[in-house]
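Protein chains in written order, with the numbering used here: chain A, 2 to 426; chain B, 2 to 426.
Hints are not guaranteed to be accurate.
Pair by pair, the computed Cβ-Cβ distance ranges are [to be verified]:
#	chain 1	residue 1	chain 2	residue 2	range
1	B	Glu347	A	Lys173	45 to 51 angstroms
2	A	Asp327	B	Arg168	40 to 46 angstroms
3	B	Pro412	A	Asp327	43 to 49 angstroms
Below, in silico cross-link-like pairs of lysine-lysine (DSS-like), each with a Cα-Cα straight-line distance of 30 angstroms or less [what the hints assert, rightly or not]:
#	chain 1	residue 1	chain 2	residue 2
4	B	Lys172	B	Lys256
5	B	Lys90	A	Lys287
6	B	Lys256	B	Lys297
7	A	Lys418	B	Lys172
Derived list of chain A stretches under chain B, where covered just means 3 residues or more per stretch with a C-beta under 8 angstroms from a C-beta of chain B [said to hold, decoys possible]:
#	region
8	268 to 277
9	386 to 392
The set of hints was computed from the structure by calculation and includes no laboratory data.
Cβ atoms here follow ideal geometry from the backbone N, Cα and C, with glycine treated the same way.
Protein chains: 2
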Amino acid sequence: MQVDDMILVSVDDHVVEPPDLFDRHLPSKYRDIAPHVVHKEDGTDVWQFLEFEVPNIGLNAVAGRPPEEYGIDPTSFDEIRPGCFDIEKRILDMNANGVLGSLCFPSLPGFAGRLFAALDDKDSALALARAYNDWHIDEWCGTFPGRFIPLSVPTIWDPETMAAEVRRVAKKRCHAVTFPENPEPLGLPSLHSDHWDPFWPACSDEGTIVCMHIGSSSKLVTTAADAPIDVMIVLQPMNIVQAAADLIHSPVFRKFPEVTVALSEGGIGWIPYFLERLDHSYRVHKAWTGADFGTKLPSDVFLEHVVLCYISDPVGVQLARRIGIDRITVEVDYPHSDTTWPRAPERLMEEFASSDLRDGEIDRITHLNAMRFFRYDPFAHHPRERCTVGALRAEAIGVDTTPVPRGRRFPQRQGIKISDLSPTA
Amino acid sequence: MQVDDMILVSVDDHVVEPPDLFDRHLPSKYRDIAPHVVHKEDGTDVWQFLEFEVPNIGLNAVAGRPPEEYGIDPTSFDEIRPGCFDIEKRILDMNANGVLGSLCFPSLPGFAGRLFAALDDKDSALALARAYNDWHIDEWCGTFPGRFIPLSVPTIWDPETMAAEVRRVAKKRCHAVTFPENPEPLGLPSLHSDHWDPFWPACSDEGTIVCMHIGSSSKLVTTAADAPIDVMIVLQPMNIVQAAADLIHSPVFRKFPEVTVALSEGGIGWIPYFLERLDHSYRVHKAWTGADFGTKLPSDVFLEHVVLCYISDPVGVQLARRIGIDRITVEVDYPHSDTTWPRAPERLMEEFASSDLRDGEIDRITHLNAMRFFRYDPFAHHPRERCTVGALRAEAIGVDTTPVPRGRRFPQRQGIKISDLSPTA
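The whole structure should be built from the sequences, with the hints applied where relevant.
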């Protein structure tokens with residue numbers, strides 16, 4: 002297979018919500034409480050909501066800027082690449098990267114949608130969440146049919162309305178929902194409680210995949226307050242192993258055997274080691290801990306329920322058959338700093354070329370698995386031959402993907418430490 | 002290579018200290034303050050020290066018992082296999098497992114030796130630490146020359162005396178010292194501070210390897226208070242990735258380029274993924290974080306300084322060449338619950354047989370690397386042909402290794418959760 006022949010569906014990108022987010026989908030009675038963008042005196046744009054100011058952090062929208070300008074400072078809409086928030090420009094950026102389909106995680110409400118929970122009046126909170134989901138499904142994803150996999154945010158404060166919202170948006174063909182990798186650090190009951198029991202059957206019934214994105218517990222992985230921020234950057238993705246271990250030992254898959262969970266941005270190179278550790282611990286300790294996976298091993302149960310996702314993962318690709326070709330999907334992570342945009346096809350192919358994967362296996366990893374797990378059918382909208390990397394890039398002639406320096410609004414900070422950060426998302 | 006031809010040096014086992022630990026090596030003026038064993042009314046044996054009672058936790062001494070009897074309850078000397086604490090019996094258990102050499106981590110003082118720090122009078126604390134090290138080196142390791150790699154505990158409360166103790170015991174041919182995987186959770190300055198600067202050059206000068214054992218930060222890996230204990234059991238070893246990321250981004254290797262660190266019980270299957278993540282983060286973010294590894298990649302620096310250790314690790318063995326054959330050592334973990342005793346040779350060989358490693362590579366992993374990094378020369382004491390699995394097992398004829406049920410002192414607890422544990426070590 003050549004790079005131009007690949008078909009790429011990315012199950013992890015991000016939308017930076019545009020200022021008109023709530024203009025068309027929120028009943029007018031809630032208009033006054035909706036988050037709105039304020040342009041500050043320092044030149045940054047922030048979302049104002051209740052007593053909060055939610056900045057667009059630079060590191061969340063760095064595609065198309067040189068690494069020297071990456072950072073954790075707030076930014077403004079005129080400093081970030083328009084593809085971050087403008088759907089017409091986003092499609093061009095996807096085409097330039099040869100990407101057919103994209104699932105976009107939220108920025109403003111957080112990965113777990115918990116921003117709206119700050120409202121005491123839960124009717125208002127629900128109205129905002131619904132308006133957000135309608136904007137996301139009808140506008141962001143609806144403008145270019147067949148190009149996006151819609152993803153709803155949960156009304157995380159109430160499992161009953163979560164279930165109702167999963168069912169409501171499923172009627173609009175949205176079959177993916179975000180959920181925190183661990184609810185406990187958010188002050189919510191853990192996966193081991195029965196608190197979430199109304200939510201899971203709604204996902205099973207509607208064929209909705211539950212996307213747990215790295216960092217969605219809002220718990221930063223820290224070693225020491227004075228550790229350089231690089232420690233956190235390295236560890237944050239790998240920390241998904243905690244969610245994986247928590248999930249497999251929770252009652253979720255036993256009680257709701259049709260539930261499927263994606264470990265978004267979780268990577269795959271650690272999976273064989275993790276599964277061996279999982280089975281080893283089970284064999285050694287089940288006699289006294291009471292762990293019980295019936296006639297199966299925990300690794301079997303894990304691979305029956307969990308979808309794996311990676312951006313770039315050389316050793317993981319080499320181990321792909323050992324993991325299970327049918328569980329693996331790819332991600333681009335546009336416009337975050339780990340993104341492979343605009344060279345995702347080349348990066349992916351380089352890793353495939355170092356493996357002995359066959360074309361049929363590559364197709365499963367790059368798009369067929371994503372289509373099945375996310376109930377996404379782009380070929381109903383676009384003939385397959387128009388969906389390849391080569392065909393899409395041909396439509397993006399003239400799209401400039403060279404990094405654009407925009408300068409720094411704030412002086413570059415030296416030696417940023419973990420203690421300089423506060424939890425986000 | 003056949004199982005009987007292997008030579009095994011285990012760089013991670015554990016000693017359960019016997020009651021006479023402080024009888025012969027502590028100046029008499031400190032005798033009254035030394036920890037001593039008390040046989041309690043409930044039948045358990047505990048060490049009494051100041052206002053503390055330090056139990057021997059069952060899970061720390063389960064070799065030779067059936068898994069049904071594993072648990073976190075306190076135990077007594079007459080319930081645990083004598084090889085845990087009796088050096089004559091230990092040698093027989095090593096022989097029965099075909100193990101030539103063993104490095105034994107402490108139990109009573111904790112992996113980081115911090116028990117003694119509880120004494121306000123630091124002269125007394127130092128006296129206890131020295132006595133402990135003398136017992137360990139002269140008695141535990143000295144009784145059977147050439148069979149043990151001595152390991153000292155640090156006077157963790159004071160880097161100056163730590164350095165002096167490293168130099169003192171080096172004169173007794175002890176060239177390994179424990180150090181916490183992360184000092185900060187112990188209330189001590191992190192690896193990023195200059196607090197430890199007196200310690201590292203002592204290690205460099207004396208050729209002393211620094212052993213960071215999993216769990217030695219005393220920080221349990223928790224996801225949720227009501228998570229079953231299995232979650233912690235699975236995650237605790239994998240959590241060493243945090244220490245690895247912390248260490249490589251600390252100034253230690255830059256300031257003290259001769260320092261070598263062993264990630265004890267850290268496993269190896271996660272290493273390729275970690276190193277790729279490390280280099281990726283560096284390439285993407287160094288321009289703004291200021292991370293600086295000179296002309297090298299962080300993975301190069303890591304592999305120049307870190308020694309890797311595994312008990313059983315099928316995928317890791319398959320990836321051994323990718324990791325670096327010269328950095329890998331093996332462990333038995335006797336008498337902890339992850340131990341492969343008494344079938345370590347068979348387990349190791351099974352994994353080697355599934356790889357394409359050659360005999361010379363297996364020799365490096367099973368003993369040559371350990372001999373080099375730990376400055377251990379068993380062949381000065383025993384001819385090589387007497388050191389193989391087959392030769393040692395021939396000396397253990399009659400040693401009964403079948404699991405011995407001893408019953409439970411306390412009723413088995415159902416559904417033990419993370420919240421039922423308190424930090425140990």
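Between the beta carbons of A/Asp327 and B/Arg168, is the distance compatible with 40 to 46 angstroms? Violated: the Cβ-Cβ distance is about 58 angstroms, outside 40 to 46 angstroms.
Does the region 268 to 277 of chain A contain three or more residues whose Cβ lies closer than 8 angstroms to a Cβ of chain B? Holds, because 7 residues of the region 268 to 277 of chain A bring their Cβ atoms closer than 8 angstroms to Cβ atoms of chain B.
Does the alpha-carbon distance linking B/Lys90 and A/Lys287 stay inside the 30 angstroms limit? Holds. B/Lys90 to A/Lys287 sits at ~29 angstroms (cutoff 30 angstroms).
Pair hint A/Lys418 and B/Lys172, alpha-carbon separation not exceeding 30 angstroms: Roughly 40 angstroms between the alpha carbons, so the hint for A/Lys418 and B/Lys172 is violated.
Against the range 43 to 49 angstroms, how does the distance between the Cβ atoms of B/Pro412 and A/Asp327 compare: consistent or not? This hint holds: roughly 45 angstroms between Cβ atoms.
Given the hinted pair B/Lys256 and B/Lys297, is their Cα-Cα distance within 30 angstroms? Holds: B/Lys256 and B/Lys297 sit about 15 angstroms apart, inside 30 angstroms.
Distance restraint between B/Lys172 and B/Lys256, which requires alpha-carbon spacing of 30 angstroms or less: Distance of about 25 angstroms is within 30 angstroms: holds.
Holds or violated: the region 386 to 392 of chain A covered by chain B, criterion of 3 or more residues with Cβ-Cβ distance under 8 angstroms? This one is violated; 0 residues, fewer than the three required, reach chain B with a Cβ under 8 angstroms.
Cβ distance range 45 to 51 angstroms for B/Glu347 and A/Lys173, holds or violated: At 58 angstroms between Cβs, range violated.
In the structure shown, a violation is registered for the earlier hints numbered 1, 2, 7, 9, in ascending order.
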